[in-house]
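Trainee: As given, the protein sequences belong to chains A and B, one line each in that order.
Position 94 of the first sequence, counting from 1, maps to 94 under the numbering used here, and the rest follow consecutively.
Position 6 of the second sequence, counting from 1, maps to 6 under the numbering used here, and the rest follow consecutively.
Do not take every clue at face value.
Derived coverage of chain B by chain A (criterion: at least 3 residues anywhere in the stretch with Cβ under 8 Å from a Cβ of chain A; other residues may be distant) [what the hints assert, rightly or not]:
{"id": "1", "segment": "9-21"}
{"id": "2", "segment": "25-33"}
{"id": "3", "segment": "62-71"}
Which residues of chain B face chain A? A partial, calculated answer using Cβ under 8 Å [to be verified]:
{"id": "4", "residue": "V41"}
{"id": "5", "residue": "N47"}
{"id": "6", "residue": "L52"}
{"id": "7", "residue": "L53"}
{"id": "8", "residue": "G56"}
{"id": "9", "residue": "G89"}
{"id": "10", "residue": "E90"}
{"id": "11", "residue": "V91"}
{"id": "12", "residue": "I92"}
Some chain A residues flagged as far from chain B (calculated, every beta-carbon gap over 10 Å) [claimed, not checked]:
{"id": "13", "residue": "L33"}
{"id": "14", "residue": "R71"}
{"id": "15", "residue": "L72"}
{"id": "16", "residue": "L78"}
{"id": "17", "residue": "G106"}
{"id": "18", "residue": "D108"}
{"id": "19", "residue": "E109"}
Quick caveat, the hints were computed from the structure, so don't treat them as lab data.
Glycine is no exception: its CB is placed at the ideal position from the N, C-alpha and C atoms.
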Amino acid sequence: MTHLAELPDWAALLTALLLLIGSGLTLIGSLGLLRFRTFYQRIHAPTLGTTLGIGSILLASMLAFSVLELRLVLHEVLIAVFMVVTTPITLMLLARAALYRDRSEGNDEVPPTTSG
Amino acid sequence: MIAQLLVWSVLVAQILLAVAMACAVFRVLRGPRAQDRVLGVDTLYVNATMLLLTFGIRTASTLYFEAALIIALLGFVTTAALAKFLMRGEVIE
């Protein structure tokens, strides 16, 4: 906890702001996971956390470590690239699986298949 | 003064992320169907990654970064495998 005091004021302020923005957006996304009615509405909510939420927390981490260690610390970019690549893949797989399950059971709230 | 503000905001961010993880756990336990539970697990993994990053900022050690990377990786593999299972009933065909 003591090394955080070595950060200059502007870096500390920016890190705090980015952290609060990121965690607040993630909380909003997870609350949406609770409050939406159907699965197809729910699948949109957590993407708030996987894009801007984790993005601003990674920016805060990069900023804090770069200023603390007096060099450019960029290894958080790895997580950012990884999240950007994997989130659409997993959510698309999941949505397609849910569509397949709902259609094969003949549920009502599923969008119809477009033929032709 | 500003450093104290940073310490407090790290704490607040951790609390917010913990509440977000609790929401995801609720969706895993409650979710009416299997795909809701899988979505909850995915959200839980992403939130855990962020919580580990905030721990890293708090202690100023880069050790937490590797753990966050591994958790993000495991989350991707878990969700992809579970979605495949929901689609086909088999993970490896």
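Trainee: It remains to establish, for every hint, whether it holds in the given structure.
Mentor: Structure-based check of each hint:
no., hint, in the structure
1, 9-21, "holds (count 10)"
2, 25-33, "holds (count 3)"
3, 62-71, "holds (count 4)"
4, V41, "violated (10 Å)"
5, N47, "holds (6 Å)"
6, L52, "violated (10 Å)"
7, L53, "holds (5 Å)"
8, G56, "holds (6 Å)"
9, G89, "violated (11 Å)"
10, E90, "violated (12 Å)"
11, V91, "violated (12 Å)"
12, I92, "violated (15 Å)"
13, L33, "violated (5 Å)"
14, R71, "holds (12 Å)"
15, L72, "holds (14 Å)"
16, L78, "violated (6 Å)"
17, G106, "holds (15 Å)"
18, D108, "holds (14 Å)"
19, E109, "holds (12 Å)"
The structure does not agree with the numbered hints 4, 6, 9, 10, 11, 12, 13 and 16 stated previously, though it agrees with the rest.
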